[in-house]
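**Student:** Work out the full structure, taking the sequences as your base and the hints as a guide.
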Amino acid sequence: MNARERLIVGLDVPTLGEAEQLVSTLGDDILFFKIGYQLAFAGGLEFARDLARSGKKIFLDMKLLDIDNTVASGVENIVTMGMSMLTLHAYPKAMKAAVEAAKGSDLCLLGVTVLTSMDEQDLLAAGYEYDPHTLVLRRAEQALLAGMGGVVCSAEESAAVRKIVGPRMAVVTPGIRPAGSERGDQKRVMTPADALRAGSSHLVVARPIVRAPDPKEAACAILAEMEAVL
Numbered sequence: 005m006n007a008r009e010r011l012i013v014g015l016d017v018p019t020l021g022e023a024e025q026l027v028s029t030l031g032d033d034i035l036f037f038k039i040g041y042q043l044a045f046a047g048g049l050e051f052a053r054d055l056a057r058s059g060k061k062i063f064l065d066m067k068l069l070d071i072d073n074t075v076a077s078g079v080e081n082i083v084t085m086g087m088s089m090l091t092l093h094a095y096p097k098a099m100k101a102a103v104e105a106a107k108g109s110d111l112c113l114l115g116v117t118v119l120t121s122m123d124e125q126d127l128l129a130a131g132y133e134y135d136p137h138t139l140v141l142r143r144a145e146q147a148l149l150a151g152m153g154g155v156v157c158s159a160e161e162s163a164a165v166r167k168i169v170g171p172r173m174a175v176v177t178p179g180i181r182p183a184g185s186e187r188g189d190q191k192r193v194m195t196p197a198d199a200l201r202a203g204s205s206h207l208v209v210a211r212p213i214v215r216a217p218d219p220k221e222a223a224c225a226i227l228a229e230m231e232a233v234l
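In my numbering, the protein residues as written are 5 to 234.
Quick list of in silico lysine-lysine cross-link-like pairs, DSS-like style, CA-CA up to 25 Å:
1) Lys67 x Lys107
2) Lys97 x Lys167
3) Lys167 x Lys100
Label-pair restraints from in silico Cβ distances:
4) Leu149 x Glu124: 23 to 31 Å
5) Glu50 x Lys220: 22 to 30 Å
6) Ala225 x Ala163: 21 to 29 Å
Don't read these hints as lab results, they were simulated from the structure. Idealized CB from N, CA, C, for every residue including glycine.
**Tutor:** Encoded structure:
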């Protein structure tokens with residue numbers, strides 16, 4: 005894969021109009037887009053279908069987690085939408101149900117390990133007995149056993165996760181920040197070049213592109229940095 009197939013731009017904007025404008029501005033330079041809760045609840049699901057029909061690849065970031073039957077039913081419908089990637093929380097039963105529901109399709113299921121906005125104190129407050137690194141690796145092993153297409157983790161854990169999941173599974177990393185960018189609410193971040201070197205297969209970038217004075221220029225600079233590594 006080249007950089008264009010590995011860079012996922014997060015359409016983290018509140019309205020369809022802003023999302024449409026951003027996609028138009030980025031043009032053919034960007035192939036892959038992420039649609040999460042914010043845009044999904046503003047008509048973004050139909051927009052995701054339209055983008056997929058136009059030839060774009062869509063990472064639907066829904067972080068599903070529910071009883072097995074509900075997860076499976078949701079995945080079955082998402083398969084019909086033409087999405088490329090779908091996230092669910094990396095709980096073993098949910099992952100197994102999703103894998104069975106997506107069998108025979110091209111949908112890449114991604115297990116979300118530990119959110120990049122969380123550190124050890126956040127996990128302790130949530131009742132987990134593991135530090136982020138340990139929990140990420142445990143969930144990566146469970147995703148591999150469940151037959152998932154990949155995992156979502158911070159770039160800080162990419163190298164260790166890659167050793168567990170092998171060369172074929174996707175390792176998708178949010179919290180990517182070009183040198184000089186603000187961290188925002190992200191606590192475990194890395195530059196695009198360093199993330200690729202660490203073993204990430206796909207990089208999710210939102211604010212450094214979406215909020216840039218010139219989003220196209222910002223996206224192309226990140227693509228250039230990625231190509232230099234690849």
